[in-house]
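Input sequences plus hints: build the corresponding full structure.
Chains A and B, in that order, give the protein sequences.
With the working numbering, the residue at position 359 of the first sequence is 359, and numbering never jumps.
With the working numbering, the residue at position 244 of the second sequence is 244, and numbering never jumps.
Incorrect hints may have been included.
[Claimed, not checked] Simulated DEER-style distance windows between Cβ atoms:
1) B:Ala-292 x A:Ala-192: 45 to 55 angstroms
2) A:Ser-110 x B:Ala-401: 41 to 51 angstroms
3) A:Ser-53 x B:Tyr-51: 43 to 53 angstroms
[Said to hold, decoys possible] In silico negatives: residues of chain B with every beta carbon more than 12 angstroms from chain A:
4) Ile-28
5) Leu-322
6) Val-413
FYI, nobody ran anything at the bench for these hints, they're computed from the structure.
Because the structure is a prediction, the values reported are computed rather than measured.
All C-beta atoms in this analysis are idealised placements derived from N, C-alpha and C, irrespective of residue type, glycine included.
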Amino acid sequence: MKLKLGLGIGLAAIFILLLATTVMAQGEPPAPYAGMKNPFPWTDNAAQAAGQSSYRPLCLGCHGVDGGNLAQADFTKLEFSQALQVRPDYYFWIMSEGQGGMPAFKSSLSEQQRWQVITYLSSLKAAAPSTPSSPTEVAGVKGSLRLTAPEQAEAGQPVTLTATFEDEQGNPVAKVPVKFFFIGKLFGSGPAEIGPSVPMSTDVNGEAVLEYTPHQGGQTVFVAQYGTNEDRATVNVNPGVETSYQAEAGLQFQAVGGINGIIYPKSVLDLGETSDAPMPAFRWPGGILSWLFILVATVFMIWFTYFRVMYQVFRIPIASEIRDINTRLMPTIGMVIVITIGIVLILKLLISPYTHLNIPLS
Amino acid sequence: MRQGVESYSERLERVALAPIGKTSTGFITFILILLAVAGWGLYAFILQLKYGLVATGMRDQVMWGFYLVNFVFFIGISHAGTLISAILRVTNATWRTPVTRMAELITVVAISVGALMPIIDLGRPDRVANMILFGRLQSPLLWDIVSISSYLSGSLIYLYLPMIPDLALMRDKLRAGESPIKRTIYTLLAVGWRDTPQQRHRLEKAIGIMAVTIIPIAISVHTVVSYVFSMLMRPGFDSTVFGIYFVIGAIFSGIASILIVMAIFRKLYHLEEYITERHFKNLSWLLFATLAIYAYLTFGEYLTIGYKLKHEEKMLLDSLFLGGNAIWFWLFAIGGTFIPAVLLLWRRGPVLPRILTAAVLINIGMWIKRFVIIVPGLQVPLMPYDFGSYTATWIEWSITAGAFAVFILIFSVITKLVPALSIWEVAEHHEAETAHSTGAAEEVEVAR
Chain A
1 MKLKLGLGIG LAAIFILLLA TTVMAQGEPP APYAGMKNPF PWTDNAAQAA
51 GQSSYRPLCL GCHGVDGGNL AQADFTKLEF SQALQVRPDY YFWIMSEGQG
101 GMPAFKSSLS EQQRWQVITY LSSLKAAAPS TPSSPTEVAG VKGSLRLTAP
151 EQAEAGQPVT LTATFEDEQG NPVAKVPVKF FFIGKLFGSG PAEIGPSVPM
201 STDVNGEAVL EYTPHQGGQT VFVAQYGTNE DRATVNVNPG VETSYQAEAG
251 LQFQAVGGIN GIIYPKSVLD LGETSDAPMP AFRWPGGILS WLFILVATVF
301 MIWFTYFRVM YQVFRIPIAS EIRDINTRLM PTIGMVIVIT IGIVLILKLL
351 ISPYTHLNIP LS
Chain B
1 MRQGVESYSE RLERVALAPI GKTSTGFITF ILILLAVAGW GLYAFILQLK
51 YGLVATGMRD QVMWGFYLVN FVFFIGISHA GTLISAILRV TNATWRTPVT
101 RMAELITVVA ISVGALMPII DLGRPDRVAN MILFGRLQSP LLWDIVSISS
151 YLSGSLIYLY LPMIPDLALM RDKLRAGESP IKRTIYTLLA VGWRDTPQQR
201 HRLEKAIGIM AVTIIPIAIS VHTVVSYVFS MLMRPGFDST VFGIYFVIGA
251 IFSGIASILI VMAIFRKLYH LEEYITERHF KNLSWLLFAT LAIYAYLTFG
301 EYLTIGYKLK HEEKMLLDSL FLGGNAIWFW LFAIGGTFIP AVLLLWRRGP
351 VLPRILTAAV LINIGMWIKR FVIIVPGLQV PLMPYDFGSY TATWIEWSIT
401 AGAFAVFILI FSVITKLVPA LSIWEVAEHH EAETAHSTGA AEEVEVAR
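Next comes the structure, spelled out in structure tokens:
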């Protein structure tokens, strides 16, 4: 009985798999998924919140906060949200079975959880603001806000952003709280607030000045905002040497004696066409040489101590007594072994930065 | 008085040298059994070489298993020698003298067996030379090689130095009929020791240097062993406290091991006069102190994980406290710490069985604890996949059994070649004690 049941389930599974592979080619969800409907209303807040808590650990790593990391699946686009509501079964199927580089989630998320994530995705369109808005700020003073910024800037160098607020008669207004944002790609895309956590207030000239250091190159849009008033300024930031928010570890120290970071060729950090290796952690002045020096000095001290101890043993025998058996043989062998292992270890450490050069030394 | 001291040192020599070179049928049977187990382990290893690591329970996600557990365990008990011998020597605790030799022996044999384990863990052990040829400074495995080779060499020297006067004694005690090879070996090893004041000064200076040197090296070894884990971002491994946690764990299981070894040799080689209940009691207090520190560190480790409760770490704690690994965790927590703590504190009943039961439980518990550290951490998925699983195959059980057999085997054979007590140090300690003691004690000495 059980055997028959198992066989039946197995056959059904194979059938579904076959069906899945044939249907997959057409871009249509296969049998168990075709025609499925979202059990949650699209505006169900509880389902969206539950979906978000599943989304964060599992999806955010690749898709980003709102899908902005992958152009073909930008959840903030209106078209995506519409497509999601028209064909929920299709997206449910992709999420369950995986597609391309995306793994299948049917084993890590229950069916209900997957639908919650889909409900959450549909809410991203509505939730992502196209312009910064701050509901807590109420425009108390009528007037106009103007943001001035230099056209050109250098990454790593501070940029002065000046927001000026004038009332309808053109007089500067003081003590107006102004918030600054910049719109750029960090982990996702969207406005990110910059400056102090308490909004800056304009001075008697109606100006609020913020010094901000951009860390990324490219066209950067800055926004100053007061209530419903806002103004934008675009700054062209040259990508400088110093960038942030990328795979890099270590503290950056000033170069000492012309040696900065690494002493071996920079080509060793090349991983091929795709990407660079992260810089070694704990960059000290003089780079890896500093670590090498400490390690080699420690190893030298240890093995030199061993050698000294063996030499003490070597001097134990009374020379005049040595006749048929050379009692100094053992300590001599000991000293030779200690010197050999010590030298091998130190050489090993010294050449280790160079042992992975499959690229010519240049 | 003079008569008494002489009879004491004579008896000491007779008792300590009695097992040397003599093999009873019981001993030979014991060695044969150990050889059989070791041979079975070797057979399993050959099968593993032939079929590859697929013969083990290790797979993509859980890629470390019993071998790494054994590695950490053996390197751990190797700390016995460092603590008992080096630290107690530096702090001038004179009661240590009868147990130093055994402790140093445990150290040397345990590191040798332990260092084999990562090599057995390799699918292609023939490539181990690449660690020397292509190892990188940035790799914790390279740090392991540097520190373990330094520790092994250092503890060999440290085992050898205090043995020189005893080797000289054995050279002098050799009977006329003994084989010339034996005479040559003992003469070579004894490096012409005549116990002159100058020789004694040289030797004591050398031992002093080694005792101080070996302590930081021992600490570095277990710290570096912990780095193999804590340099990873895995849940459970990603910890800053691992260095000291592993060092304390090592000293903890090291003391438990030396207690077991002491009890066995005391019984088999009739050393009751030299290894007294006092030694067991003193060591048991040290054992309890390290148990308390270890339990405290364990508590702190899981508290900091559990308080923050990151997503992956929640999975880990679920699995450790309630899920699939709960049985191992609670076996360690209750069987390996709580019950031994009660046994060590509850001063009722016979001393030796009480302390020994605690020591055996602690060693089993600490083996399990290493398993609890290594395997569950690897089971937690970092990508959206299912939990990894690990079940040791009979190959891994066999190799583990073989490793323990080899450990006991080397240990037993060495104690038939050199005395298990440091004879000259025990005699020296005794002289110093009788010199301080009152006439009444001397009377007792003479009466013996």
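Going through the hints against the structure:
{"no.": "1", "hint": "B:Ala-292 x A:Ala-192: 45 to 55 angstroms", "in the structure": "holds (49 angstroms)"}
{"no.": "2", "hint": "A:Ser-110 x B:Ala-401: 41 to 51 angstroms", "in the structure": "holds (43 angstroms)"}
{"no.": "3", "hint": "A:Ser-53 x B:Tyr-51: 43 to 53 angstroms", "in the structure": "holds (44 angstroms)"}
{"no.": "4", "hint": "Ile-28", "in the structure": "holds (30 angstroms)"}
{"no.": "5", "hint": "Leu-322", "in the structure": "holds (19 angstroms)"}
{"no.": "6", "hint": "Val-413", "in the structure": "holds (20 angstroms)"}
Comparing the model with each earlier hint shows no violations; every hint is respected.
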